[in-house]
Amino acid sequence: MARITAGIATSHVPAIGAAIDHGKTQEPYWKPVFDGYDWVKVWETQEKPDVVILCYNDHASALMLDVVPTFALGCAEEYAPADEGWGARPVPIVYGHVELAAHLAEQLVLDDFDLTLMNHMDVDHGLTVPLSLMFGQVDAWPVKVIPLAVNVTQFPTPSGNRCWMLGEAIAHAVESFPEDLNVQIWGTGGMSHQLQGPRAGLINPEFDNAFLDGLIDDTDDLRKITRLEYLRESGSEGIELIMWLIMRAALGKDVEQLQRFYHVPASNTAVGHIVLKPRASEKAAEAA
Amino acid sequence: MRTRPYPLADLEDIPGTTVFTAIRSREAYHLHKFCMSLMDAANRDAFRADERAYLNRYRMNEEQKQAVLGRDFNRLIDLGGNIYFLVKLSNTDGWSVQKAVGSMTGMTADEYAAMMRAGGRSPEGQRSIREDN
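Top line first, the protein sequences correspond to chains C and V.
Each residue of the first sequence is one higher than the one before, counting from 1 in the working numbering.
Each residue of the second sequence is one higher than the one before, counting from 1 in the working numbering.
Just to be clear, a hint being listed does not mean it is correct.
[Claimed, not checked] Label-pair ranges, simulated between beta-carbon atoms:
#1 G106(V) with A280(C): 47 to 55 Å
#2 K48(C) with R59(V): 45 to 53 Å
#3 K48(C) with I129(V): 48 to 56 Å
#4 G106(V) with V109(C): 43 to 51 Å
[Said to hold, decoys possible] Some chain V residues flagged as far from chain C (calculated, every beta-carbon gap over 12 Å):
#5 Y54
#6 L55
#7 E62
The set of hints was computed from the structure by calculation and includes no laboratory data.
Where a beta carbon is used, it is the ideal one built from N, C-alpha and C, also for glycine.
Using the sequences and the hints given, assemble the complete structure.
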């Protein structure tokens, strides 16, 4: 049976990708950012996940012009890195897991989530920067990836609570997939940042750290945060944090925190990163 | 009437912020189509060679074209634009996203970068026009 073994959250700032691609990770500005990911890189070489369900948002690269899907699930064999106006990032092609993606597509719609299914799309920094942060500069990504693109750009986005419910449904769908797969789920984007208007540059460390705390033991409170509250407190782009709730919900009731990192700034953004494991005790209790 | 957790008019109550909605998305459709065309290197070259002629290929209104030519990102957002589309333009110019974003704050690029290094803009006084908090 497939099983979700861990959840990871991280910001996905484009400048982080540019710093990696241009060999700037050891410069004084960037080193503190990348130091925060040393632990997870080593940990991932031991965990060796087979598949990552990667929740991210498309930044007007494949979506958002002609079609604005609330939840878009990638069902393709492969995804090319997008050219976002400066040439595509020099990173490997992202390979999908067609059978698990098809299973998710089936199960999640049966569970009343009206997904958009993507049989072709390019993937932008929202997806490739997290892969670079977890796996470094490699010739081939060591995992298959199922992209789950969430609209966090055009109001109304899905609510945080709806994202939570989708995460719960993903957990059930993965558990019912017969192949023995080590699956991780990642929530990306955030933390607080605003990329527009005179309020650009907003950073709210109190909100961000309360959010990180809440992922461990106050998830009911996180589910209640309204879109307006995200916009006011975490900036117009901070609402990307709803994607972290998909990840968190898929891990079940209790989690163990393996790693936590917070740093301001990377370009315009507060960087947050957390690694969580479902608590084994709860799994055992369910089985009993 | 169904109840909502807050009146949608509250979206207009955040200082210095424009919430990107379905009607704004429609207003900016052709502007955004232009922006996304810059994801192709040949199109970037054609735009650089003659910006005005390239813009005339798109059914944008004249105000939108003028704002593109002036790289006036606040104005482009007033005219319906969203930053994720608009950075295709600043990326084409070789600007960092920080430079594009900072250009909307009334600060110089150096001042904005310094503010970010010092921890960014505090949310204090920036949450609500009405409540002034």
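Exercise. Which of the listed hints are broken here?
Worked result: none
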